[in-house]
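Colleague: Grab the two chains, each in its own frame, and use the hints to assemble them into the complex.
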Amino acid sequence: NAGVMQNPRHLVRRRGQEARLRCSPMKGHSHVYWYRQLPEEGLKFMVYLQKENIIDESGMPKERFSAEFPKEGPSILRIQQVVRGDSAAYFCASSPIGRNEKLFFGSGTQLSVL
Amino acid sequence: ELKVEQNPLFLSMQEGKNYTIYCNYSTTSDRLYWYRQDPGKSLESLFVLLSNGAVKQEGRLMASLDTKARLSTLHITAAVHDLSATYFCAVDKTDYGQNFVFGPGTRLSVLP
Numbered sequence: 001n002a003g004v005m006q007n008p009r010h011l012v013r014r015r016g017q018e019a020r021l022r023c024s025p026m027k028g029h030s031h032v033y034w035y036r037q038l039p040e041e042g043l044k045f046m047v048y049l050q051k052e053n054i055i056d057e058s059g060m061p062k063e064r065f066s067a068e069f070p071k072e073g074p075s076i077l078r079i080q081q082v083v084r085g086d087s088a089a090y091f092c093a094s095s096p097i098g099r100n101e102k103l104f105f106g107s108g109t110q111l112s113v114l
Numbered sequence: 001e002l003k004v005e006q007n008p009l010f011l012s013m014q015e016g017k018n019y020t021i022y023c024n025y026s027t028t029s030d031r032l033y034w035y036r037q038d039p040g041k042s043l044e045s046l047f048v049l050l051s052n053g054a055v056k057q058e059g060r061l062m063a064s065l066d067t068k069a070r071l072s073t074l075h076i077t078a079a080v081h082d083l084s085a086t087y088f089c090a091v092d093k094t095d096y097g098q099n100f101v102f103g104p105g106t107r108l109s110v111l112p
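Those sequence lines, one after another, are chains A and B. The first sequence begins at 1 in our numbering and counts up one residue at a time. The second sequence begins at 1 in our numbering and counts up one residue at a time.
Chain B with its partners taken away, still in its complex shape (with noise of 0.2 angstroms):
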């Protein structure tokens, strides 16, 4: 059975700092994908990762692949408060349609 995890699971930081969230998950992948969801809200999609060593860049947020190693990574740049959200990534299951199967997600909180 798939499993994703991810770390850490709450994250506070404080504005213009740098961080690292992780995403690990169980069993072989090539597609990844990175959610942002606020609050209420749905989710936004941010990153579609499909092969390894595959790295997108938008603003102030990066994310890598490495499906060697089954690792994800979503680096965030010098933080703002705009992006305290709950980052979730997600592996498909399949061979065929998008049965994803999501990480618990990231609630990262940026201060002043």
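Just chain A, same shape as in the assembly (with noise of 0.2 angstroms):
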């Protein structure tokens, strides 16, 4: 049973760019969450999503970024017009409930902007 993957590993943009990074969670899992983490800090929320449907993106900037879970295929955190202080590892997170389960995390996606 596969973990969760999340790719690309590392991703290089430039400023102005847009940058997508992919989840796929753990099998038989449907619920979604993506963190952020800034060097030396703990983890940030930013959204948990269930397919096709965002439950709490309170963590989410207001703009620039967007996240979706669809139906098929991976979940997707898509930041647009990307700016020095995007730079960070973002994590997706699966479980297979949204109550008092562990969250199972991917290797995430270490974004620099340049």
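Do not take every clue at face value.
What the hints assert, rightly or not - Residues from chain B that face chain A, not an exhaustive set, calculated with beta carbons under 7 angstroms:
id, residue
1, Ser42
2, Leu43
3, Ser45
4, Phe88
5, Asn99
6, Gly103
7, Pro104
8, Gly105
Because the hints were derived from the structure by calculation, they are not lab data. Built from N, CA and C at the ideal position, the CB exists for glycine as well.
Modeller: Pasting the structure below:
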């Protein structure tokens, strides 16, 4: 049973470009979460999705950031017109149900904005 | 707003010694999680604590939860170098899903 798969592992973008981060949850998991980790800091919640629904996006910046989890295919975190402050590690996690279950984390995508 | 604090933030200890990492949180919650992260790696789940008084042990690590004091501890017994990592506690702030609020992490270095 493959774990949570994220790609790419590393992503380099220039200011103003778009970044697309992908996450395939573990088999049988229908809940996906995105977290951002700045250097030397803990993880900050961004968004919680179920298939075709955004459940909680309270941690996501209002502009430039969007997330989706379509019926088919991976979850996508999209950052438009990236700025240097977007440079961080972005982790995706999944869980089988919505409560009292630990999260299984992917290996993360390290985004570097030049 | 839920705040999660950890102390110490940095811990350097010798092999064979014991130590405790503390995790305090600011609002009522009965669900607390401990994770380990190695440099450049993802997070690995260590413990899930779901009730007041919960205690779980795995190898040289033992975690406990006191929901009344809003405190969790991660106790390390007879540390070994392989335990060197950053340890995060996380509190679930919602009644649905897992909107975790993570602590800042405790970076542990176990020296020979």
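Colleague: Which earlier hints turn out false for this structure, listed by number in ascending order?
Modeller: The structure breaks none of the hints.
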